[in-house]
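Engineer: Residues per chain, in single letters:
There are 4 protein chains.
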Amino acid sequence: AKVGVESDGHSQSTVSITVVGASGDLAKKKIFPALFALYYEGCLPEHFTIYGYSRSKMTDVELRDMVSKTLTCRIDKRANCGEKMEEFLKRCFYHSGQYDSQEHFTALDKKLKEHEAGRISNRLFYLSIPPNIFVDAVKCASSSASSVNGWTRVIVEKPFGRDSETSAALTKSLKQYLDEDQIFRIDHYLGKELVENLSVLRFSNLIFEPLWSRQYIQNVQLIFSEDFGTEGRGGYFDNYGIIRDIMQNHLLQILALFAMETPVSLDAEDIRNEKVKVLRSMRPIKVEDVVIGQYKSHTNGGVTNPGYTDDKTVPKDSLTPTFAAAALFIDNARWDGVPFLMKAGKALHTKRAEIRVQFRHVPGNLYNRNTGSDFDKATNELVIRVQPDEAIYLKINNKVPGLGMRLDRSNLNLLYSARYSKEIPDAYERLLLDAIEGERRLFIRSDELDAAWALFTPLLKEIEEKKRIPEYYPYGSRGPVGAHYLAAKHKVQWGDVSLDQ
Amino acid sequence: AKVGVESDGHSQSTVSITVVGASGDLAKKKIFPALFALYYEGCLPEHFTIYGYSRSKMTDVELRDMVSKTLTCRIDKRANCGEKMEEFLKRCFYHSGQYDSQEHFTALDKKLKEHEAGRISNRLFYLSIPPNIFVDAVKCASSSASSVNGWTRVIVEKPFGRDSETSAALTKSLKQYLDEDQIFRIDHYLGKELVENLSVLRFSNLIFEPLWSRQYIQNVQLIFSEDFGTEGRGGYFDNYGIIRDIMQNHLLQILALFAMETPVSLDAEDIRNEKVKVLRSMRPIKVEDVVIGQYKSHTNGGVTNPGYTDDKTVPKDSLTPTFAAAALFIDNARWDGVPFLMKAGKALHTKRAEIRVQFRHVPGNLYNRNTGSDFDKATNELVIRVQPDEAIYLKINNKVPGLGMRLDRSNLNLLYSARYSKEIPDAYERLLLDAIEGERRLFIRSDELDAAWALFTPLLKEIEEKKRIPEYYPYGSRGPVGAHYLAAKHKVQWGDVSLDQ
Amino acid sequence: AKVGVESDGHSQSTVSITVVGASGDLAKKKIFPALFALYYEGCLPEHFTIYGYSRSKMTDVELRDMVSKTLTCRIDKRANCGEKMEEFLKRCFYHSGQYDSQEHFTALDKKLKEHEAGRISNRLFYLSIPPNIFVDAVKCASSSASSVNGWTRVIVEKPFGRDSETSAALTKSLKQYLDEDQIFRIDHYLGKELVENLSVLRFSNLIFEPLWSRQYIQNVQLIFSEDFGTEGRGGYFDNYGIIRDIMQNHLLQILALFAMETPVSLDAEDIRNEKVKVLRSMRPIKVEDVVIGQYKSHTNGGVTNPGYTDDKTVPKDSLTPTFAAAALFIDNARWDGVPFLMKAGKALHTKRAEIRVQFRHVPGNLYNRNTGSDFDKATNELVIRVQPDEAIYLKINNKVPGLGMRLDRSNLNLLYSARYSKEIPDAYERLLLDAIEGERRLFIRSDELDAAWALFTPLLKEIEEKKRIPEYYPYGSRGPVGAHYLAAKHKVQWGDVSLDQ
Amino acid sequence: AKVGVESDGHSQSTVSITVVGASGDLAKKKIFPALFALYYEGCLPEHFTIYGYSRSKMTDVELRDMVSKTLTCRIDKRANCGEKMEEFLKRCFYHSGQYDSQEHFTALDKKLKEHEAGRISNRLFYLSIPPNIFVDAVKCASSSASSVNGWTRVIVEKPFGRDSETSAALTKSLKQYLDEDQIFRIDHYLGKELVENLSVLRFSNLIFEPLWSRQYIQNVQLIFSEDFGTEGRGGYFDNYGIIRDIMQNHLLQILALFAMETPVSLDAEDIRNEKVKVLRSMRPIKVEDVVIGQYKSHTNGGVTNPGYTDDKTVPKDSLTPTFAAAALFIDNARWDGVPFLMKAGKALHTKRAEIRVQFRHVPGNLYNRNTGSDFDKATNELVIRVQPDEAIYLKINNKVPGLGMRLDRSNLNLLYSARYSKEIPDAYERLLLDAIEGERRLFIRSDELDAAWALFTPLLKEIEEKKRIPEYYPYGSRGPVGAHYLAAKHKVQWGDVSLDQ
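Protein chains in written order, with my numbering: chain A, 70 to 570; chain B, 70 to 570; chain C, 70 to 570; chain D, 70 to 570.
A hint or two may mislead.
The list cannot tell twin chains apart, which means a pair is met if one copy fits it or any two copies do.
Below, computed lysine-lysine pairings styled on DSS-like, alpha-carbon distance capped at 30 Å [claimed, not checked]:
| no. | residue 1 | residue 2 |
| --- | --- | --- |
| 1 | LYS153 | LYS182 |
| 2 | LYS535 | LYS244 |
| 3 | LYS208 | LYS558 |
| 4 | LYS558 | LYS355 |
Don't read these hints as lab results, they were simulated from the structure.
Kindly produce the complete structure, drawing on both the sequences and the hints.
Structural biologist: Structure follows, in structure tokens:
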């Protein structure tokens, strides 16, 4: 049933998964539950061991206790869940250590060896730790806890630098200790079910590919919005800002997947080759094609939400954008002239992440008299919603049943998730499984990362060096109005603000 | 709310609708109920009168009684239905007369004039009578009961001749008494909701038109099947056969609508111009591209169904086809080389009428390994089901949610009738309303009829003159296997025989 | 060798061609020479007679003498030309008469009958007379000189009215005496070799049709310019103006032929059906999309050319445009949004008539660095030159041979007339032959004429009622600069003003 | 004037070009003349030195004498040619040595250093020697004669191995001494003017790219034929055969360039990436899609030409193919189902190398009656002739001028070389210049070479292991008739055998 994925799970081999930063939030909320889900579904190899590693002192039992609290969320309604959980926890262990200590990693290595019991040893390290200690941890893991007869892989989370220079430096450092094919840069948006389905729809159906170009698509919108602010934890964010936090990775990655040419195969290298081509074909972003914003305090119905700079962890005079909108262009034969509009923001009125593809109007439309003045609303639109609920739907016009001729627009759900009873797995499950199986399709390669930074670094420099003032918008609003003017300048209307979304 | 339709209903005008052949089955089951439905929906003009005309002796009350029995079917669950029915029946009258009597029609004229009471008089005659008396009735209605200051229109039902010659003769006769724009040749299949919606989907959405050609469509199938035989009433049928009864009109009309170029407007003349162009571009049908069949008696589970020639009204040695399949081709730039397969039959295993559009395979399909050997099943297919339940759905491939990559094919319902609570009106309602309003889009023009006969007449001659023996098939079966060989010869597989339809 | 043309020339039939207005300029310069050329090429039927008819008194010999003077132009270098000319002139006769005299036409009829000598009689009248006597002549010819056993056809020259009303009135009058298929409205631009070749190129080669739409064509230009003014004969012109004289017929006819959909066949009715569809799809012309001009006196190198109102036959205060430019749009699926720019003028710097098709730029052009700032010059362009020398050429970019990479644009001649030694026949030859053979493809049908007037009449009314002042331009110049602003408004640059045409 | 090429020629740098194998035929006929032509055109850097290196004993003067004899061919008619030649020869030197002697290369290095005189040293070695000594020479040149402060590059000629294994071994050996970007694998067919122009035509004109796919192209033919046999020098050839000698490199390289997707830029790596994608998308070649042949003796007009095995240097029982034809397929979205037919042979009736692109027929062709039974001849065809005279022409249908409608097919020359007076440079000039300038676009990368061998190796194994007998054909004939059956099987007709080529 698996495609392009070969199992590494010989009965004589084993996988050891070490979660570095095991006491952190991400580990608790996402990584351990995902590992359990994989175990429950029978996707982990027969022999495996899971190690939590962090600076805190903890026993195996304490780790298991901690982990067990978060396992309930997804699976507990299912049969024999408790039993499975018991078995899983028995395979979880804890090792306390500093992230930069060769000695502590050597101790871990010794424990791992015991569990491996002479089998072929494959090791996966998941680095769930702050960027400033990435390289040290990689160095130690690589030097003192690498597998000697199997593979060693390291999953790293963003941020991957702050700009072209720091990113290149980080990559260079990592490559002192790891080969390119050992580094798994995770962007969990790429692990979403519908990002996979996007390619299936496009490449396994005849009817979408002919439409996938400037001849039929008027614009593409990539929208990310959160309905909450930094909420007292803005320290990390203030150093990065929304462009680095969301646009340069999540939105740009999805854009590249959406816009790429047909790859020569579904292999990871081929897909990533095509993604890099998209990034390299992009026109440098002009400052006048970018709007930045920052939310301010707002009172509504007696409830006051604080502004960004009201966050204690944020400097009072911070100009860090919590909102940004940008118009990007891909100067290749397929997309020449089609605006790709991006919008990302915190403390907005809604929580969502989606791609909206607005098609051109019907040339010489015979039904113009019917669609009347509201002409733009009647164009076809493909909406790929990543969250809150994954969905792909297409807006089409049809006739209202009955005598006479009245047109209406309805949503065509292309996913039909209702048809499938199975739950959609969390992005982390997919990505962890891919890393274990050596499937790199959804991870970011160095040259992709370079190209992404090459696109955004000049813009970020310009904004930060000139201390550009963000446009302020109320907490819970739809964001700065500048975003509308930006869209209008490119003859686009944001699709997420109409009543009929 | 109406499109391209101008109302003739001035307050000073009136419409008189005369159902000629009022005591027949069609009149009872379809025409009077449709007229009532139009009345109930407020679609008839303020002043109108309905006259039943036939040879039987009957009073107005008897007619009303007869009519009232069939009005229940569609509307009775609705509010104040009874009251409306009362009002409607008060406007229904009866006039007994011969179909070829000028005198009797003159008497009708007198009565109509009384009801019209000096208003502008518009008159619609619905000829629900056998073909041999068409011309006489038209002559009488035209000479003795035409409107003098408004319009006079005549609706005629098939058959419109048996071949090019008889059809041309009939048209010539009709034109002695009527202008082309007074003749409304009805094909009730064209009044189906989804035939209208087909044009809406194609012309008011950007995404269908680019696919509507030989480059993307591998073949088109037009399928009509009934699950019963002539059942003791085969006399009329035996004289015509399935090709004349279904193919040459219903299926060919739908084909022309489906395949036509974009008309210059939605006006009737423009649409009919384009339909004629399709018919004229069709390649003469070769006898070897046609399979004919006749059903024979079959016993299943103790129940025996009679064969066609077991019907008492059918000659024992009749060779009349009750089934036919044919491959047709349109030699124009859009459809060159695309087989249009037709299939029509009686006494088959199911009852349905549908258009199936099978798309080509995905060139260079990346997912070939997944669709495996059953490759053909994985192409996209658009199904337009005319009956039993009107629907338009598209078969697309998508990914089964979950880890790994498994493809599945699901049906995408393009109509979303569930969204609309309103009932779909019967085809006769739409057509009667169109005739009253002078909207000719769904009626067949003389040159269309000529072109349709020109296509089928040589084939019919060949079959009948050579006394070609039909392939026999059991009552209730899927029809002659020859139909499969015909399809295979053109590299097509019938879409209605797979499990996953 | 003829296509879609069936010869009417049985050995027992004869054709009589009567040139009504035989002493006029057109008759002398074009009609008689064209008839002789047809005779020389063996294209006339075996039995034929030519009659000159006009008010002047003349003998047969005098006519022959007059005619013989103009026959020299094209053929004299060829073999046995003198001999052929002798034979031809023997078949030419003259009849003097009033254009509105039944009696005189009856006398003509008598003479024609003598020549016909009992054969099947076919008669062609070529009306080369002023518009005010059209109808009278048609009436007389039809009533008193029609064929009784063959066909009678009448060729008429523009003007066909001044606007929708007068044109409709003229058509109505003609139809009192003639059926539609007897009327041959001539537009000699349609008889040009390359107008025929345009269809051949497009429809008999695979490679042009895919490019023939809004997706690849940025704009189309129809340009007509003369390098002389009215030169003392502006009386007729002043009553019509350049829009009626050139745009509404010649340019619009060519536009319709260029832009039409693929006809269902090459038959005249099918081609004319498609042309009418184009005309009906055209958006009403806005006054602000039209520039009008009038030439004024200009002195250059000591030579002074007079202005339009210096012409003695033109009123001093005439506002009649001698130049016009307009932007037109076809609101159908193929051409939606593509500007069709027309430009026509007298007393300009050059003499030419051509269609220029400018293609869009190459999306995502890899060679952008090479084409540099002069980007627009590097798009492909198709030029169809009607006069002075007929030609079709395509501008394409190629590499200058040699090391390094330098691009250049060259003209690709699609006609290769050099390949063919035969002379290109005059438009009148083709049209006369078509009229004799009943081929109507290149003549204008009533509904075409109506649609053409419907497009221009409101504009003409607006200009004339508001007494819009034309923009003055010097004799021999490139016309009003307003034409450039009009083009620029629609993002177009006139193709006839660049150095590299 | 150069595109995408940055000059390395600082005034302080110098280039030393060493022709290893200087006394061989290729060096004399192609390499030295090309170097002189570059010098004459001012394309070589200011400071340069040319060294001949081979085992023969020779003085500088003798080398110059030898070289001067072949310089006459191209340039001598030009101004001051003699003077330029003098200057050029002064820069040519000779060094005698063994190809595997570190000592001799060290001696060369010393001489080169003297000429470099302290400037930045760039060194180009052209290996014009047999394959069995490639690696030794590379080793010595790299170890003992590399530049220390500039670049060192090595041009190698085919054969690059005999199959996947030997080619991989050779690449591995070369990479011991050289980086990928130091290796310039030459295929002189890629240096032809028109191979460059092919990309210009396609990517800098709007009108070709839309046609460049399966939708419009019916088949592509790559044809190479020589009109002479091995002529007594078949020793080398017999070891390789025509498939390795011509198909696997020259024809396959041109195919890849022709069929590739639009690269992301014109940079060498981007173009080669796209070429590799084509090769990887190719379907394994089936033995039944290949025809092999060998020429036999033939007497014509008293002259007898010997058969292949009559060559003294060829084994009597040799089965080596001197002719091969094959049908290849590219399984991607653009080319799925389009046959790419290759044909290469010696001792045929003509000498030529060309690509022929046959377009599909016009769907629903209106002119079918005209093209009549000879329908296939009337499709459009694009011919790219590499030799004898470089040309690109397009066959289109147009109307024969004159009355009536007769279609004809003419050739449209897309190159218009007549327009340019400059001579077309030899392929070696372009390639040498590219190597000096570091432009790798026209050289073959290791992964390209691997993919090319992966395609042909299984076929070669099958043929050689099964000792497949070639089809014999007479010297000077059109080759084995099997090639026609192969074409017919894929519904293709070879374009080089019709009268009207």
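Engineer: None of the hints should be skipped; say for each whether it holds.
Structural biologist: How the hints compare with the structure:
no.: 1; hint: LYS153 with LYS182; in the structure: within (25 Å within a copy, 75 Å between copies)
no.: 2; hint: LYS535 with LYS244; in the structure: neither (34 Å within a copy, 49 Å between copies)
no.: 3; hint: LYS208 with LYS558; in the structure: neither (49 Å within a copy, 61 Å between copies)
no.: 4; hint: LYS558 with LYS355; in the structure: both (13 Å within a copy, 26 Å between copies)
In terms of the numbered hints stated before, the structure departs from hints 2 and 3, listed from lowest to highest.
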